[in-house]
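Asker: Listed below are the residues making up each chain.
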Amino acid sequence: MSLFDHLVIFPVLIPFFVAVALLFPSLSNSLSKQRVVSISANILMVVVAFSLLFKVEAQGIQVYALGDWSAPFGIVLVADLFSVLMVCLSAILGLAVILYASAGEDKTGAFFHPLIMFQLMGINGAFLTGDVFNLFVFFEVLLIASYSLMIHGGGKQRIQANIHYVFLNLIGSSLFLFALGTLYGTLGTLNFADMADRIPLLSNNELLIAKSGALLLLAVFGLKAAMLPLHFWLPKAYSATSTSVAALFAIMTKVGIYSIWRVHGVMFGDQAGELANIALPWLWPIALLTIIAGAIAVLASKSLRVLCSNLVIVSVGTLLVTISLNTVQATSAGIYYLLHSTVACAAMFLLAGLIQQLRGQAEDRFVTARAMPQAGILGFIFVLLAIGLIGMPPLSGFVGKALILQSITKASEAMWVFPIVLGGGLIALIALSRAGTSLFWRTNGENTSTLKGHPLQYLAIGLLVVILPLMVIFGGTVSDYTQLAAEQLKAGLSLQQLNEVAK
Amino acid sequence: MELVYAVCVGFMSACGIFLMLRGHTFTLVIGLTLLSYAVNLFLFASGGLTIGAPTVLSSSENYADPLPQALVLTAIVIGFAMTAFAVILAMRGRADLGSDHVDGIEPFDPLAEEKS
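For the protein sequence lines, the chains are W and A, in the order given.
All letters in the first sequence, in the order written, are residues 2 to 504 by the numbering used here.
All letters in the second sequence, in the order written, are residues 66 to 181 by the numbering used here.
Please note that the accuracy of each hint is not assured.
[What the hints assert, rightly or not] Okay, derived cross-link-like pairs now, EDC-like style, lysine to aspartate or glutamate, Cα gap no bigger than 16 Å in a straight line:
1. W/157 <-> A/161
2. W/157 <-> A/165
3. W/237 <-> A/168
4. W/303 <-> W/364
5. W/212 <-> W/275
6. W/504 <-> W/69
7. W/56 <-> W/6
8. W/453 <-> W/364
9. W/491 <-> W/271
10. W/504 <-> W/6
11. W/157 <-> A/168
[Said to hold, decoys possible] Negatives, chain W to chain A, calculated, CB over 12 Å:
12. 6
13. 55
14. 203
15. 281
16. 301
17. 395
18. 413
19. 460
20. 470
21. 489
22. 500
By construction, these hints were calculated from the structure, which means they are not laboratory data.
Here a beta-carbon is modelled for each residue, glycine too, at the ideal position from N, C-alpha and C.
Kindly generate the complete structure, drawing on both the sequences and the hints.
Answerer: Right under this line is the structure:
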């Protein structure tokens with residue numbers, strides 16, 4: 002076996018080894034060395050993620066059996082078009098976040114770089130894993146890293162937001178284990194492919210138990226994804242934490258969405274016999290209500306970071322809509338929108354952090370203050386991102402929303418989705434134009450400060466912003482890819498197919 | 066045996082959930098610990114309860130399902146680390162916020178004044 006055959010596990014191994022290496026004294030004593038190592042490791046991750054993407058595109062699904070123990074007895078990593086796309090997204094996001102933090106934010110607390118690496122390891126692992134128990138393990142890896150990252154820099158507000166975040170997620174983890182136990186008790190396996198095979202064969206008295214396990218999992222993933230009754234932690238947590246961490250967290254809710262897609266969209270999807278689509282009657286109203294709740298909160302936001310956190314909730318609602326539409330078209334549109342919304346929200350968080358840093362005491366609150374330095378370039382980026390987040394042409398937000406609306410075929414669904422999604426866009430337009438006006442135009446006095454953004458910060462934001470027009474210019478390529486990914490996801494994977502690929 | 070086991074797990078989770086509904090970090094940590102014990106026992110039972118059988122495959126026909134044991138082991142380790150983190154966070158919160166209430170301040174309690 003050549004090294005290339007082990008490519009699937011590299012997105013998990015690279016951050017792990019780099020994180021451990023960063024903890025050794027020769028590196029942990031010098032921040033500049035840490036920056037160099039972690040930036041170069043992240044560039045390597047981007048390269049690995051994209052070569053894995055091209056490999057999966059050329060050769061089909063890649064299955065990596067750890068220790069060569071075949072499923073369902075051993076642990077497998079499965080790289081299909083969707084999961085590998087998410088790994089690429091997290092690699093790019095990780096690179097931008099580390100570049101931004103290297104401008105100085107990593108100085109405010111200890112162990113920033115190792116923690117980011119562990120976080121990326123957990124995120125990549127959660128995308129690539131082929132069984133539910135390892136999904137739990139990788140969730141815990143990314144959560145414990147995020148607990149510490151969230152209080153990076155310290156301060157009353159962060160500790161307070163972190164207490165809510167940590168305890169809620171610990172309860173979520175316990176529920177996750179209850180759900181796993183229930184499903185293992187009825188199905189006798191935890192491998193995704195094997196579970197999907199066995200769900201239609203359940204006997205009548207086991208159905209109810211399996212159903213409760215599946216719905217308990219929905220609650221757990223819903224907590225991570227911030228869907229309606231479980232979203233209250235998000236705005237506080239995301240707006241209190243440091244800028245680069247908030248930007249990285251933009252992908253954390255998507256990990257929850259991704260898991261709902263895998264488990265409730267496919268495993269308990271159309272082929273699940275008696276239990277087919279059990280989550281959909283819940284998801285449909287929740288998704289629409291999430292958009293509404295997020296949009297109302299967007300209007301009430303008093304600072305740019307809170308506004309951006311609430312936009313994350315709106316995007317989560319929109320993605321849940323595409324899951325509950327439950328067609329290949331909608332899934333494809335959803336994957337496209339997922340890419341767009343993660344990148345746009347992360348970039349907006351980074352921009353908000355930069356504005357906060359340059360505006361002095363007014364921070365990023367929507368109040369009248371002195372004009373900020375470098376307002377021209379910041380304003381330009383703000384307008385670009387706002388166009389993307391609202392979903393106006395010519396950026397990818399418009400394409401994403403258009404694809405979602407286009408994928409709706411039934412009038413009964415269109416009746417709800419059209420007004421709510423488009424209304425959400427209108428509200429974002431109002432809120433963001435008000436935000437831009439008060440941040441950039443409503444000033445009382447000339448700019449006197451000599452503060453300046455660090456070139457690395459602009460580089461990080463630029464790296465993310467440039468993806469939005471690229472996703473439109475290469476829109477055909479991207480949407481063809483998401484179409485294939487959606488078809489592959491919806492077709493599902495049986496244990497037999499899995500083991501054939503593994504050979 | 067199943068009934069006793071189920072009642073124990075249920076009672077322990079009920080206690081854990083009750084404690085977690087209190088608003089203070091100390092009771093929250095105790096509640097979480099109880100809940101994670103209940104989870105571990107629950108996972109352990111998910112492969113079915115067997116008495117007097119070897120843990121892994123052997124020459125005998127009867128053996129206990131080894132997978133839940135592996136799962137419990139992982140869950141114990143993770144739960145232990147998380148509890149340690151939660152305790153430290155609770156202490157830090159108590160020191161920084163000046164209160165061990167999860168919201169950082171005690172909510173207004175009209176009954177407290179009547180008592181004093």
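Asker: Each hint: holds or not?
Answerer: Hint check:
Restraint check for residue 157 of chain W and residue 161 of chain A: the C-alpha separation of about 6 Å stays at or below 16 Å, so the hint holds. For the given pair, residue 157 of chain W sits about 13 Å from residue 165 of chain A by alpha-carbon distance, which is consistent with the 16 Å threshold. At roughly 12 Å between alpha-carbon atoms, residue 237 of chain W and residue 168 of chain A fall within 16 Å of each other, so this suggested pair holds. For the hint linking residue 303 of chain W to residue 364 of chain W, the alpha-carbon distance of about 11 Å falls within 16 Å, and the restraint holds.
For the suggested pair residue 212 of chain W and residue 275 of chain W, the alpha carbons sit about 10 Å apart, so the restraint of at most 16 Å is met. Among the hinted pairs, residue 504 of chain W with residue 69 of chain W is consistent with the structure: their alpha-carbon atoms are about 10 Å apart, no more than 16 Å. For a cut-off of 16 Å, the pair hint linking residue 56 of chain W to residue 6 of chain W stands: about 10 Å separates their Cα positions. Under the criterion of a C-alpha separation no larger than 16 Å, the hint pairing residue 453 of chain W with residue 364 of chain W is consistent with the structure, at around 14 Å.
Taking the CA atoms of residue 491 of chain W and residue 271 of chain W, the gap is about 9 Å. The hint holds against a cut of 16 Å. Distance restraint check for residue 504 of chain W and residue 6 of chain W: the Cα-Cα separation of roughly 12 Å lies within the 16 Å cut-off, and the hinted pair is therefore satisfied. Distance hint between residue 157 of chain W and residue 168 of chain A is fulfilled; the C-alpha atoms sit about 11 Å from each other, no more than 16 Å. Here residue 6 of chain W stays apart from chain A, with its beta-carbon at least about 27 Å from theirs, past the 12 Å limit.
Against the 12 Å criterion, residue 55 of chain W stays outside the reach of chain A, whose nearest CB is about 34 Å from its own CB. A cut-off of 12 Å between C-beta atoms confirms that residue 203 of chain W is not in contact with chain A; the least separation is 15 Å. Distance check for residue 281 of chain W against chain A: the nearest CB is about 27 Å away, which clears 12 Å, and the non-interface claim stands. Remark: the non-interface label on residue 301 of chain W is consistent with the geometry, its nearest Cβ contact in chain A lying 20 Å away (cut-off 12 Å).
Distance check for residue 395 of chain W against chain A: the nearest CB is about 45 Å away, which clears 12 Å, and the non-interface claim stands. Residue placement check: residue 413 of chain W keeps its beta carbon more than 12 Å from all beta carbons of chain A (closest about 39 Å). In this structure residue 460 of chain W is separated from chain A by more than 12 Å, as the shortest Cβ-Cβ distance comes to about 34 Å. Interface exclusion of residue 470 of chain W from chain A stands, the closest Cβ pair being 42 Å apart, more than 12 Å.
Every C-beta of chain A lies more than 12 Å from that of residue 489 of chain W, the closest at about 29 Å, which supports listing it as non-interface. Every C-beta of chain A lies more than 12 Å from that of residue 500 of chain W, the closest at about 19 Å, which supports listing it as non-interface.
Violated hints are absent here; each numbered hint is respected by the structure.
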